[in-house]
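Colleague: If you read the protein sequences in the order shown, they are chains F and Z. Reminder that position 56 of the first sequence reads as 56 in our numbering, one-by-one numbering, no gaps. Whatever position you read off the second sequence (first residue = 1), add 1000 for our numbering.
Listed below are several chain F residues computed to face chain Z (Cβ distance under 8 angstroms; list not exhaustive):
1. ILE68
2. ALA71
3. ALA75
For the record, the hints were derived by calculation from the structure and aren't laboratory data. Bear in mind the structure is a predicted one, so any value in this text is a computation, not a measurement. The C-beta atom is built at its ideal place from N, Cα and C for all residues, glycine as well.
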Amino acid sequence: MIKTVDEYLDQLKDALSGSDPALIQDALSDAEEYLLTAQESAQAEHPHLAKKESLQHIIDKYGAPQEIASAYREAEPFMAPSSAATKKLAKQSFLTRYFGVISDPRAWGASLYAIMSFLTGIIYGLWVLFGISLTLITLLLIIGIPVTGLFLLSVRGIALMEGRIVEALLGVRMPRKPVFVSRELGWKEKFKSLITDSHTWKSLLYMILHFPLGLVLGGITLVLFSFSLKAILYPLLDGVFGRPLITLGSQAFHTSPWLFPLVSAAGIMLFALTLHFIKMIGSIYGRFAKAILVKK
Amino acid sequence: MDLGYIVDANKKFQKELNSGTAALVLLSVLGRAKEPMYGYQIAKMIETKNEAVPMMKQGALYPVLRSLENSGLLESHVDPSVSGPPRRYYTITPSGRETLNSWLEIWNHTKAFVDGLLTGGQND
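All chains should be modelled from the sequences, with the hints used to inform the complete structure.
Modeller: This is the structure:
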């Protein structure tokens, strides 16, 4: 017999093992919401009833962990993020596939993510630097513990938000709710579980790694996009404004006017290639984010 | 015939009917709701309307709510509650309403067709 809500959640987690970690987190939050709410209203209606018995009755209605796990598994194919629904259509020619990327929302999502990570990388990096130094300084004083707690809570909050961005733009399913923490714990236990939970430290690690990776990813994306746009517009830039195609130091390279259409065409090719490249990097980055940010 | 087999067959039939209608039931509950509802509220409301039919386990409604949300028929937000855990409140979207109307039409056709076969049996 299951005696506590935590025990139920543990069994549900076991029953779901092997499923998408984000799905497991959804299922745990849903079960927690139902079981605690039902327990509360049962206590209000029948205060004399033992908590254990009422929980048994509630679980009978909600469903045993095994049953609920299979209900989530059956629904899983319909819970994929919407942008992942863009499946390859029938066989298409190479050219259609090559330029088709221009209408692929995943490629644009990944590009937006890459450009954004230039900014988020800097913000996360500065925040971690600020948080760690503040923590180290205040740890010498009495206010060190609450400051540490607040900083680590902010890390968990940022990790959840980053997960939402990753899901929206990269199409990788990520947690939709904060990690489950039993509400029966006092602040000391909550602080302890925050410190001992590897998820907290992994989130912090992610923020640290996102700093250089975001800068590189965003930088490469911006350079590739701006260079291909420059090449596409080259006939106009050189023909009207006399701007060179490439400048290396003080050397400027121009092409002869009859090559203008070729440079434009190459720019279009490079633009599509950039989208393919960023889309691929985006999907690798999404897996990386998932491996670190989703609590196992 | 073995009694256990009949009970199993009945359970299976009920389960299939329930999983086929769960999305319609949830969509229509939220279609009538005046304000956003959370999972437990929805489950209780369905329970009070239905005492005779062994409805699916209430926990099995949650993944259906999530998949309806993923298809854009529902939308949700999480609100912290005063004493309990945070709750996810669901509302129907305009495209959910449209879908509900066409599902009701399909449901009525199906119901009429099945009822016709079960009660009528005329071959004209």
